[in-house]
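**Student:** Here are the chains, one letter per residue:
2 protein chains.
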Amino acid sequence: MSESATLPGVLDGVRVLEIGHFVAAPFCTRLLADLGAEVVKIEPLRGDPVRQWGAQVDGKSLWWSVHGRNKQSIALDLKSEEGRRIAIDLAQKCDVVVENFRPGQLTKMGLGPDVLREGNRDLIVAHISGYGQTGPGKDRAAFGVIGEAVGGLRYLTDHPPGTSDLPPVRVGISVGDSLAGLYAALGIVSALWRRERRGSDQRYQTVDVALTESVLSLMEGMLPEFGALGRIKQPTGGAIATAAPSNAYPSKQGEFVLIAANSEPLFAALAELMDRRDLIGHERFAGNAERVANAWELDRIITRWSQSLDTQQLLDALESAGIPSSKVYTAEDIATDEQYRARGMVREVADPRFGDVLHPGIVPHFPGAPGSVRNTGPETGADGVRIVRELLGYDAGKIAQLQQSGVLK
Amino acid sequence: MSESATLPGVLDGVRVLEIGHFVAAPFCTRLLADLGAEVVKIEPLRGDPVRQWGAQVDGKSLWWSVHGRNKQSIALDLKSEEGRRIAIDLAQKCDVVVENFRPGQLTKMGLGPDVLREGNRDLIVAHISGYGQTGPGKDRAAFGVIGEAVGGLRYLTDHPPGTSDLPPVRVGISVGDSLAGLYAALGIVSALWRRERRGSDQRYQTVDVALTESVLSLMEGMLPEFGALGRIKQPTGGAIATAAPSNAYPSKQGEFVLIAANSEPLFAALAELMDRRDLIGHERFAGNAERVANAWELDRIITRWSQSLDTQQLLDALESAGIPSSKVYTAEDIATDEQYRARGMVREVADPRFGDVLHPGIVPHFPGAPGSVRNTGPETGADGVRIVRELLGYDAGKIAQLQQSGVLK
Chain E
1 MSESATLPGV
11 LDGVRVLEIG
21 HFVAAPFCTR
31 LLADLGAEVV
41 KIEPLRGDPV
51 RQWGAQVDGK
61 SLWWSVHGRN
71 KQSIALDLKS
81 EEGRRIAIDL
91 AQKCDVVVEN
101 FRPGQLTKMG
111 LGPDVLREGN
121 RDLIVAHISG
131 YGQTGPGKDR
141 AAFGVIGEAV
151 GGLRYLTDHP
161 PGTSDLPPVR
171 VGISVGDSLA
181 GLYAALGIVS
191 ALWRRERRGS
201 DQRYQTVDVA
211 LTESVLSLME
221 GMLPEFGALG
231 RIKQPTGGAI
241 ATAAPSNAYP
251 SKQGEFVLIA
261 ANSEPLFAAL
271 AELMDRRDLI
281 GHERFAGNAE
291 RVANAWELDR
301 IITRWSQSLD
311 TQQLLDALES
321 AGIPSSKVYT
331 AEDIATDEQY
341 RARGMVREVA
351 DPRFGDVLHP
361 GIVPHFPGAP
371 GSVRNTGPET
381 GADGVRIVRE
391 LLGYDAGKIA
401 QLQQSGVLK
Chain L
410 MSESATLPGV
420 LDGVRVLEIG
430 HFVAAPFCTR
440 LLADLGAEVV
450 KIEPLRGDPV
460 RQWGAQVDGK
470 SLWWSVHGRN
480 KQSIALDLKS
490 EEGRRIAIDL
500 AQKCDVVVEN
510 FRPGQLTKMG
520 LGPDVLREGN
530 RDLIVAHISG
540 YGQTGPGKDR
550 AAFGVIGEAV
560 GGLRYLTDHP
570 PGTSDLPPVR
580 VGISVGDSLA
590 GLYAALGIVS
600 ALWRRERRGS
610 DQRYQTVDVA
620 LTESVLSLME
630 GMLPEFGALG
640 RIKQPTGGAI
650 ATAAPSNAYP
660 SKQGEFVLIA
670 ANSEPLFAAL
680 AELMDRRDLI
690 GHERFAGNAE
700 RVANAWELDR
710 IITRWSQSLD
720 TQQLLDALES
730 AGIPSSKVYT
740 AEDIATDEQY
750 RARGMVREVA
760 DPRFGDVLHP
770 GIVPHFPGAP
780 GSVRNTGPET
790 GADGVRIVRE
800 LLGYDAGKIA
810 QLQQSGVLK
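Those protein sequences? They're chains E and L, same order as listed.
Sequential numbering of the first sequence, starting at 1, is according to this note's numbering.
Sequential numbering of the second sequence, starting at 410, is according to this note's numbering.
Treat the hints with care, since some could be wrong.
Unchecked claim - Selected chain E positions facing chain L (Cβ under 7 Å, derived; list incomplete):
id	residue
1	L35
2	P160
3	L182
4	K233
5	I301
6	I302
7	T330
Claimed, not checked - Okay, the calculated beta carbon distance ranges per label pair:
id	chain 1	residue 1	chain 2	residue 2	range
8	L	D467	E	Q234	40 to 50 Å
9	E	T107	L	A702	11 to 21 Å
10	E	D316	L	R612	32 to 42 Å
These are calculated hints, taken from the structure and not from any lab test.
Idealized CB from N, CA, C, for every residue including glycine.
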């Protein structure tokens with residue numbers, strides 16, 4: 001391991017308590033942990049339900065190896081008074097608490113922000129929920145897919161109206177949860193910076209992130225264009241509404257290749273490559289606006305050409321002409337990509353359950369101090385005894401009593 | 410305006426210089442500016458090309474009202490020695506520089522990190538690019554759509570293999586750029602926190618974010634599952650690979666409604682609602698694993714029911730049964746949604762060009778100090794004269810000379 005890889009991560013010195021489950025809050029804490037924060041995750045005694053998601057080996061989730069990495073796990077019965085007390089005591093030792101229960105649920109459990117701040121007025125509390133902590137719709141049930149639909153993403157992720165009877169497509173990952181986790185992490189670190197610079201101020205120590213709003217925040221011109229012009233942004237399938245040609249085109253084998261030749265020189269290069277010099281300066285394709293207006297016809301022309309070539313021929317031809325292009329990468333393409341490997345963004349990580357496991361690297365990348373995967377996702381409660389001993393100073397007798405009474409795993 | 414809305418944002422006191430264009434770097438600085446940072450954007454004299462994107466009114470982009478908000482614009486000829494000098498002088502007055510040129514391009518322009526850090530060793534520099542600043546593939550051309558494809562998102566955003574000849578769908582926004590912008594913002598604020606806590610240390614003051622890697626970072630179990638099992642994650646259309654039923658179902662009018670009844674009690678409630686109590690405990694649907702295995706059949710049953718009802722009937726029935734559900738929101742649904750309005754997440758903002766413009770609110774939300782939209786996207790170079798006068802102390806004569814020679818707009 002190089003010297004820089006053994007440097008502490010940029011957030012070394014921050015301690016975070018996660019009282020979360022499933023995707024959004026744990027993804028937020030994975031980001032913080034990847035950057036070097038110490039993350040303590042409180043789980044129910046039976047473990048976070050997300051441990052059952054995705055492909056398993058011997059009943060252990062492979063996704064969890066990544067989703068839980070660089071964290072510590074303490075399994076507590078939060079319904080017991082003693083379990084609740086441990087959570088409050090832990091919050092006193094932390095800079096940040098992250099939670100993603102339904103709004104108000106934590107308060108009902110006796111773990112509201114006021115309680116968590118007992119004796120620790122510096123505490124930063126981040127809430128993640130479907131619709132936010134306030135407003136008439138705050139109590140509505142929301143899963144990631146609902147957040148994506150209400151945020152406007154599902155409508156736009158579809159073939160153009162009239163081209164298909166199939167439903168709009170789900171983005172292939174739980175992107176609403178991931179975005180909420182990212183925004184929560186940004187809010188948390190911003191609050192940490194401010195506290196460091198100007199001292200404690202409660203007004204800057206609560207963050208309230210909604211899945212719906214995290215998605216909406218990315219919607220580019222959708223809202224101002226609707227407000228000013230009454231224009232409802234429409235899905236464009238594989239294309240882009242504002243530039244052409246840019247789409248996924250099939251090769252002879254029916255594999256799709258991305259081609260983004262949406263500038264004058266790139267389009268000219270593509271026309272040359274297709275042996276269709278006649279398209280350059282043609283009135284229907286002579287500028288971006290014309291190409292967008294006639295994108296359907298243009299895509300048919302390009303498709304006829306792309307289907308005449310093997311995938312690799314097609315990719316090589318585009319590459320040599322300097323046209324932005326790519327295979328539509330699968331898991332296998334990513335795992336074997338030399339650029340990802342060269343940057344440590346695809347790497348083998350030793351996991352005590354599975355041996356070497358393929359992990360994505362740490363993003364954002366600090367080249368001077370890139371950090372490392374210090375541990376893969378821990379077993380439920382694996383660190384509990386050590387945590388109550390080291391952070392809370394419990395002695396062996398008290399720990400044994402807590403374990404016997406089923407409060408601590 | 411309430412008292413809390415007039416409080417400075419959480420990042421008040423941070424000054425950021427953007428030398429960027431199009432989407433990723435400007436999105437990063439919008440996030441920082443929304444949180445209260447002072448952002449100075451350097452543009453070419455003819456303006457950022459993104460100002461031409463999307464719907465226009467009188468040649469002015471509506472998207473820019475949001476994309477450029479809370480920023481200041483200075484238009485410079487960076488190819489001139491005097492323009493370059495102004496950029497360097499500005500960097501000396503800033504905490505952060507964000508750029509998204511091709512790797513090495515800024516150095517070729519005489520604005521490499523070493524130059525920008527002249528006299529300001531505290532400077533944090535964030536680079537955003539398609540493939541990252543290092544590695545054998547760093548120089549490949551990359552647009553957002555390429556980053557999404559190479560990150561693995563495009564392949565998964567599709568109907569299941571064999572159900573459609575149409576190409577995989579583009580996520581309806583430039584999500585690769587947005588994710589890179591979010592990760593860069595997280596890296597920047599993390600670096601600011603560390604500098605504040607521990608003082609200047611160059612190793613923690615360079616951030617290197619790639620579009621491809623930002624997307625890959627969200628790919629859940631895709632890499633570990635491929636590594637351990639050789640399993641290539643496949644697209645699932647409107648459904649989720651790990652839970653059922655969850656999909657978009659058509660109403661009588663052919664509008665799609667999201668239904669997420671993927672737990673035992675929710676599925677039982679849906680079966681009751683459909684008057685199909687026989688499905689509860691049925692061997693093909695008696696648990697999540699069985700429902701996932703028979704999701705195709707289950708979706709056909711639910712579709713037959715959903716198509717028998719008007720959209721509003723369907724939504725009301727699901728809501729009253731407590732089943733997570735939603736219309737697939739369009740721009741219009743979002744603009745009129747009372748929850749978004751109640752939280753200030755859809756709001757009218759005065760824009761000197763358009764009158765009131767619909768904007769999304771500020772995410773992440775700090776309820777105690779939510780900040781505000783201080784200005785909409787400025788005209789190209791609108792703040793240039795004031796900036797060189799106030800930040801760099803230039804006098805009127807020097808400013809006039811720079812304007813006459815075409816260095817400063």
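**Student:** Could you run down the list of hints and mark each one as holding or not?
**Tutor:** Hint check:
no.	hint	verdict
1	L35	holds, 6 Å
2	P160	violated, 10 Å
3	L182	holds, 5 Å
4	K233	holds, 5 Å
5	I301	violated, 15 Å
6	I302	violated, 11 Å
7	T330	holds, 5 Å
8	L:D467 x E:Q234: 40 to 50 Å	violated, 23 Å
9	E:T107 x L:A702: 11 to 21 Å	violated, 40 Å
10	E:D316 x L:R612: 32 to 42 Å	holds, 40 Å
The structure shown violates the earlier hints numbered 2, 5, 6, 8 and 9.
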